[in-house]
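I would like the entire structure built from these sequences, with the hints used as guidance.
Each chain, letter by letter, is given below.
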Amino acid sequence: MTSVELDSVSHWYGNVVAVNDITMTIGPGVTGLLGPNGAGKSTLLHMIGGFLEPSRGRLTVGGSPSWRNPDLYRQIGIITERESAYGFLTGAEFVQATARLQGCPDPAAAARRAIGLVDMVGPMNRRISTYSKGMRQRIRVAAALVHDPEILLLDEPFNGMDPRQRLHMMDLLGRLGEQGRTIVFSSHILEEVEQLSGTIQVMVAGRLAASGDFRAIRRLMTSRPHVFVVRSGDDRRLGAALIGRPAVNGVELTPKGLQVRASDYGAFSADIARLARDEGIRLRELLPADESLESVFAYLVTS
Amino acid sequence: MTGLARTGRKSGITMPIYNRTVAAITLRAALGRKRALLFAVPPLILVGVSALLRLSHPADPAWPARILGDFGFSVVLPLTALIIGTSVLGAEIEDGTIVHLLATPVPRRTIILTKFVIATVATMVFAAVPELVAGLIATGGTTRLAVGLFVGALFGAVIYNALFVCLSVATTRALALGLFYVLLWEGVLANFVAGARILSVGHYALALASAVVRDPALKPGVNLATAVVMGAIVTVLALAVAVRKLASFSLRGDAA
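Line by line, the protein sequences give chains A and B. Here the first sequence is numbered in the working numbering, starting from 3 and rising by one per residue. Here the second sequence is numbered in the working numbering, starting from -9 and rising by one per residue.
Keep in mind the hints are simulated off the structure, nothing from the lab. Please note that a few of the clues may not be correct.
[What the hints assert, rightly or not] Derived EDC-like pairs: lysine to aspartate or glutamate, alpha-carbon spacing no greater than 20 Å straight-line:
#1 K235(B) <-> D73(A)
#2 K135(A) <-> D85(B)
#3 K235(B) <-> E55(A)
#4 K135(A) <-> E194(A)
The structure is reproduced here in structure tokens:
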């Protein structure tokens, strides 16, 4: 059992704070790092993987600091976001070379096993330069898994994968997590994280905004105040009716329609159709006005 | 871990200094690309010019030392070393593939030394051997001049590559800085300012060649002892800095 411990870890590039005072413990199983682009997810993963020195705080993997500690790579597999692999090698040569660098006793067998895990046996004798983005990603995962690491770190692993490959990868990571390995992956897509991980760490602007079970995080996200723009047959009358509802905090009549601030996403969504029908008002358009991921995350930070 | 290994006397810990897998990847990355054809251009020019001069001025004793000493040691040797030395590691750092190598327990010193050995041997093949061939053509046999220049070029290949491998891991502008060093420091400054020659790898190489050839036309700017000591210091220092830099290799994150 190998766990990752972060104690008040920060990292800054010059004046820019990328990771700000994060304390967490990541244990066996799948953990998703969720956050918008630029939230500091990659910086955090790079620090865990020993590719960046924490500016402040203490970070250990299995009890040892990961910075300037190459021996730790016997226990860690890492896949960075930047899609790079030796294009002049075949997939099999690449994974086998990694097995030799990792000091596997039987590199050929280790490579075969890892390539089988990511479903790349068919194209393994083709040069990596001929692979699609998804195939390159999978062969990189095979290389990261070739020495059977306790910890697997993946930065945006589903980028460039088609839905079938994505499902396959999710299934693989899920199984590795169930085997007791510590799998940490980053994503800016809630659904990816939700499907795969039991534990979610939400990062916004370098800080840990929320942490815990995905259901709790999902609830936090959907029960936040939402702003909707509603266009109907009679905006004024609909507005008057809406303001009497408990799920509505405010209504504003604008040239584009009614701007409604709902206190509860779920209750409002269920309410509005019924209300319009009862009042005999025709609903023409119902648009969430602040559904960007950034606004969802921004809410989580302030909540 | 494959490859040669040296065993520490006190601790008994194996300290590999060369890794065959790293070497194989480096060789395929450096020489498998079309860029490798570039390596062959300067030495071909050197051998071609020597052959032409041999045909046109067979009796003139002055030109072989000048062409092979000046053109060979100030252009062919440093530029070949620069292209090879900065690419064996620099290309991988630039395209991000170095992460695959660094995400393994292979000691950073092993990576640097292996890359250095590959770059040095390749430079010897593409610069020192052509220097010997050109010397043989120019002087019409296994003369002291041909052998001396070959030995000097071997020596220069070692020091230049330590320097350029170090530059490639220490800065993203290794090629530009290397060119600055070769063209401005060695090419211009060292010709006019005597003090600059003490830090000129080209003059170390010439000093060694000159010690074998004993031809005044080679004009090394430093004596043999200085060349050997300084060459050793520069090589060891450059490799030590390179290992240190590689051990602290950092990936920039998303918020930068």
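These are the hints, each one checked on the structure:
1. K235(B) <-> D73(A): holds, 17 Å
2. K135(A) <-> D85(B): With a Cα-Cα distance of about 16 Å, the restraint between K135(A) and D85(B) holds, given a limit of 20 Å.
3. K235(B) <-> E55(A): holds, 13 Å
4. K135(A) <-> E194(A): holds, 18 Å
Violated hints are absent here; each numbered hint is respected by the structure.
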